[in-house]
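Listed here are the chains, written in short residue letters.
There are 2 protein chains.
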Amino acid sequence: MSENRFEEILRQHEIRPTAVRILLLETMERFENTFSLADLETEADTLDKSSIFRTLALFAQHHLLHVIEDGSGATKYCLCHNDHACRIEEMHVHFHCEICGKTFCLDNVHVPVIRYPEGYEVREINYLIKGRCPACRSKR
Amino acid sequence: MSENRFEEILRQHEIRPTAVRILLLETMERFENTFSLADLETEADTLDKSSIFRTLALFAQHHLLHVIEDGSGATKYCLCHNDHACRIEEMHVHFHCEICGKTFCLDNVHVPVIRYPEGYEVREINYLIKGRCPACRSKR
DNA sequence: CTTGTTTTTGCAATTCGGTTGCAGAAACGG
DNA sequence: CCGTTTCTGCAACCGAATTGCAAAAACAAG
Numbered sequence: 003m004s005e006n007r008f009e010e011i012l013r014q015h016e017i018r019p020t021a022v023r024i025l026l027l028e029t030m031e032r033f034e035n036t037f038s039l040a041d042l043e044t045e046a047d048t049l050d051k052s053s054i055f056r057t058l059a060l061f062a063q064h065h066l067l068h069v070i071e072d073g074s075g076a077t078k079y080c081l082c083h084n085d086h087a088c089r090i091e092e093m094h095v096h097f098h099c100e101i102c103g104k105t106f107c108l109d110n111v112h113v114p115v116i117r118y119p120e121g122y123e124v125r126e127i128n129y130l131i132k133g134r135c136p137a138c139r140s141k142r
Numbered sequence: 003m004s005e006n007r008f009e010e011i012l013r014q015h016e017i018r019p020t021a022v023r024i025l026l027l028e029t030m031e032r033f034e035n036t037f038s039l040a041d042l043e044t045e046a047d048t049l050d051k052s053s054i055f056r057t058l059a060l061f062a063q064h065h066l067l068h069v070i071e072d073g074s075g076a077t078k079y080c081l082c083h084n085d086h087a088c089r090i091e092e093m094h095v096h097f098h099c100e101i102c103g104k105t106f107c108l109d110n111v112h113v114p115v116i117r118y119p120e121g122y123e124v125r126e127i128n129y130l131i132k133g134r135c136p137a138c139r140s141k142r
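Protein chains in written order, with this note's numbering: chain B, 3 to 142; chain C, 3 to 142.
No lab work stands behind these hints: they were computed from the structure. Just so it is clear, CB atoms sit at the ideal spot from N, CA and C, and this is done for glycine as well. Where hints are given, some of them may not hold.
What the hints assert, rightly or not - Now the stretches of chain C that chain B is said to cover, found in silico as 3 or more residues with beta-carbon under 8 Å:
#1 25 to 37
#2 111 to 117
Stated by the list, open to error - Stretch by stretch, here's where chain B covers chain C in the computed footprint (C-beta under 8 Å, at least three residues):
#3 63 to 73
#4 124 to 134
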């Protein structure tokens, strides 16, 4: 019997596939948008906050997920949907709705590359738009 | 006797110029880079944290300063240096050094405008680069 | 200037997300 | 199966942000 898909993904990212990690990866995939540590805590309520915390840090280190600071107070995360998602040219844009508080991945919108000033070494780019999402605009 | 420059700036932004606010604005101007609430607390040590907090919120509401989430745990701020600084086309890019933790305004680098997806209402854009700043690169 | 009203401020307490130390549990490698 | 390493849960802690409330400051009218 071939090992499950989640185990495979973890191995590809050089993460040892423990039960907790597989469960969390599975849980993360069920979110449509981005998710917070608290979201995972609710969804995978057998796990401890600290285990989730450490797993998030690990996944981020191994480029399995993006970290998004949207200014809402809670850090948001979303899965990288392809191997190249973490290279700068392929970074995508995030949108934070100031009304409902949700943060969306605009997967099709890539971060525009600009001329950076000399001397700075660029490792990561965050492009975050704030405003109102379609759903909140249509209400009223 | 003409009122001082700081009072004038506050009035221009429709903020009532109290002693606390003038002192804080003055203090903010002395920072070269971005600053945090804690920085202001150190620098203006006669004031209470909560007053600084509320003043920051007020200044941000009235577009007197930018709010920058750099993922360091503490929110950073920097003064808008002209009246138009808060319009999207004139937003500038910020750089967060992962070594020394400082966050810089790259005043000359404007946020590139891209095609946003239909339906979203854009109010604000944050373009944050993370990496190593010139000073930290030259050490080592 | 004095008085009454509104706004602002300082203090103290609290919330909340994030983070850590440690001991037991699970995974791993013979 | 056993010794070693890694991971996890628990409990405690931290620090930035946030709030309620009463006193102080700013303001407006007489």
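We went through each hint and held it up to the structure:
For the region 25 to 37 of chain C, the assignment as covered by chain B is violated, since 0 residues bring a beta-carbon within under 8 Å of that chain's beta-carbons and 3 are needed. Given as covered by chain B, the region 111 to 117 of chain C passes the check, having 4 residues with a CB less than 8 Å from a CB of that chain where 3 are the minimum. Interface restraint, the region 63 to 73 of chain C with chain B: holds (4 residues with C-beta to C-beta distance below 8 Å; minimum three). Only residues whose beta carbon comes within less than 8 Å of a beta carbon in chain B count, and the region 124 to 134 of chain C has 11; three or more means the coverage holds.
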